[in-house]
Amino acid sequence: QSALTQPASVSGSPGQSITISCTGTSSDVGGYNYVSWYQQHPGKAPKLMIYDVTKRPSGLSNRFSASKSGNTASLTISGLQAEDEADYYCSSYTSSSTFVFGTGTKVTVL
Amino acid sequence: QVQLVQSGGEVTKPGASVKVSCKASGYIFSDYPIHWVRQAPGQGLEWMGWINAGNGNTKYSQNIPGTVTITRDTSASTVYLEMSGLRHEDTAIYYCARKSGSFSSDFWGQGTLVTVSS
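Same order as they appear, the protein sequences are chains A and B.
Following this note's numbering, the numbering of the first sequence begins with 3 at its first residue and continues without gaps.
Following this note's numbering, the numbering of the second sequence begins with 14 at its first residue and continues without gaps.
Check the hints yourself; a few may be wrong.
One side only, chain A facing chain B, incomplete, derived with CB under 8 Å [as the list claims (entries may be wrong)]:
id, residue
1, S38
2, A47
3, L50
4, Y53
5, S63
6, F66
7, E87
8, Y91
9, Y95
10, S97
11, F101
12, F103
13, T105
14, G106
15, T110
16, L112
Label pairs and their calculated CB-CB ranges [to be verified]:
id, chain 1, residue 1, chain 2, residue 2, range
17, A, Q83, B, Q16, 37 to 45 Å
18, A, L112, B, D44, 26 to 34 Å
19, B, K26, A, S71, 25 to 33 Å
20, A, G17, B, G28, 51 to 59 Å
21, A, T21, B, K26, 18 to 26 Å
22, A, S71, B, T128, 35 to 43 Å
23, B, S97, A, G17, 45 to 53 Å
24, B, G98, A, P59, 32 to 40 Å
25, B, P27, A, P44, 45 to 53 Å
Just so you know, the hints here were simulated from the structure itself, not pulled from any lab data.
Backbone N, C-alpha and C define an ideal beta-carbon position, used for all residues, glycine too.
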């Protein structure tokens with residue numbers, strides 16, 4: 003199982019919007035509505051940000067939104083803030099009843 | 014509140030074995046599967062496998078060698094990750110995470126650093 007493909011880095015200025023892509027195959031991202039997104043700050047455990055492609059956990063800022071088209075999922079952060087600077091990983095359930103993570107994207111707030 | 018508390022860091026030699034624990038509290042242990050995820054230094058997340066905490070069924074990543082075993086002790090609400098024949102490249106932080114009602118991980122342990130060094 004190969005890792006899902008994400009851009010290595012994305013940057014934006016405070017207040018701007020950025021989008022992170024996550025490309026897989028029809029055996030994972032394209033085949034199931036079970037894409038999740040995680041935020042990880044340095045030295046910390048990952049934190050769930052999005053599940054089931056578009057759903058936000060209770061209490062999470064609505065500045066985070068997500069979607070999917072075909073084999074590519076996307077996470078959008080609106081109104082970028084300094085605390086959004088972190089690594090972001092997508093994840094998908096697969097046809098082998100396993101899970102796969104993306105390669106990870108470093109978000110920098112300029 | 015839901016908590017996953019992992020055992021402390023380990024330093025071990027190549028070829029040795031290690032067993033990392035993940036103690037769950039704040040919910041019905043057998044109702045939620047547990048994943049294990051690892052992260053090598055400076056690298057991304059890698060899914061290793063998961064266990065159904067209720068019946069003990071497991072599923073492993075095809076990328077993980079057969080020297081990895083996930084077990085659970087329901088009486089202790091604890092899941093274990095045992096790795097044998099360790100290599101330098103197994104040096105990583107190992108996380109346990111609870112599989113939510115959906116196919117995501119809603120609560121994570123604090124991570125356990127396993128260092129394999131000769």
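Hint check results:
1. S38: holds, 4 Å
2. A47: Given a least distance of 4 Å, the restraint on A47 (chain A) holds.
3. L50: Holds: closest Cβ of chain B sits about 5 Å from L50 (chain A), inside 8 Å.
4. Y53: Since chain B brings a Cβ to about 4 Å from Y53 (chain A), closer than 8 Å, the hint holds.
5. S63: violated, 17 Å
6. F66: violated, 14 Å
7. E87: violated, 17 Å
8. Y91: holds, 5 Å
9. Y95: holds, 4 Å
10. S97: violated, 12 Å
11. F101: holds, 4 Å
12. F103: holds, 4 Å
13. T105: At about 6 Å, which falls below the 8 Å cut-off, the nearest Cβ of chain B leaves the hint on T105 (chain A) intact, so it holds.
14. G106: holds, 4 Å
15. T110: violated, 16 Å
16. L112: Hint violated; L112 (chain A) Cβ to chain B Cβ min 23 Å, cut 8 Å.
17. A:Q83 with B:Q16: 37 to 45 Å: Violated: the Cβ-Cβ distance is about 28 Å, outside 37 to 45 Å.
18. A:L112 with B:D44: 26 to 34 Å: At roughly 44 Å between Cβ atoms, D44 (chain B) and L112 (chain A) fall outside 26 to 34 Å, so the hint is violated.
19. B:K26 with A:S71: 25 to 33 Å: 48 Å Cβ-Cβ, so the 25 to 33 Å window is violated.
20. A:G17 with B:G28: 51 to 59 Å: holds, 53 Å
21. A:T21 with B:K26: 18 to 26 Å: With Cβ atoms ~45 Å apart, the hint is violated.
22. A:S71 with B:T128: 35 to 43 Å: For S71 (chain A) and T128 (chain B) the Cβ distance comes to about 42 Å; the hint holds.
23. B:S97 with A:G17: 45 to 53 Å: Hint holds: Cβ distance 51 Å, inside 45 to 53 Å.
24. B:G98 with A:P59: 32 to 40 Å: 38 Å Cβ-Cβ, so the 32 to 40 Å window holds.
25. B:P27 with A:P44: 45 to 53 Å: At 28 Å between Cβs, range violated.
Checked against the numbered hints above, the structure breaks hints 5, 6, 7, 10, 15, 16, 17, 18, 19, 21 and 25 and satisfies the rest.
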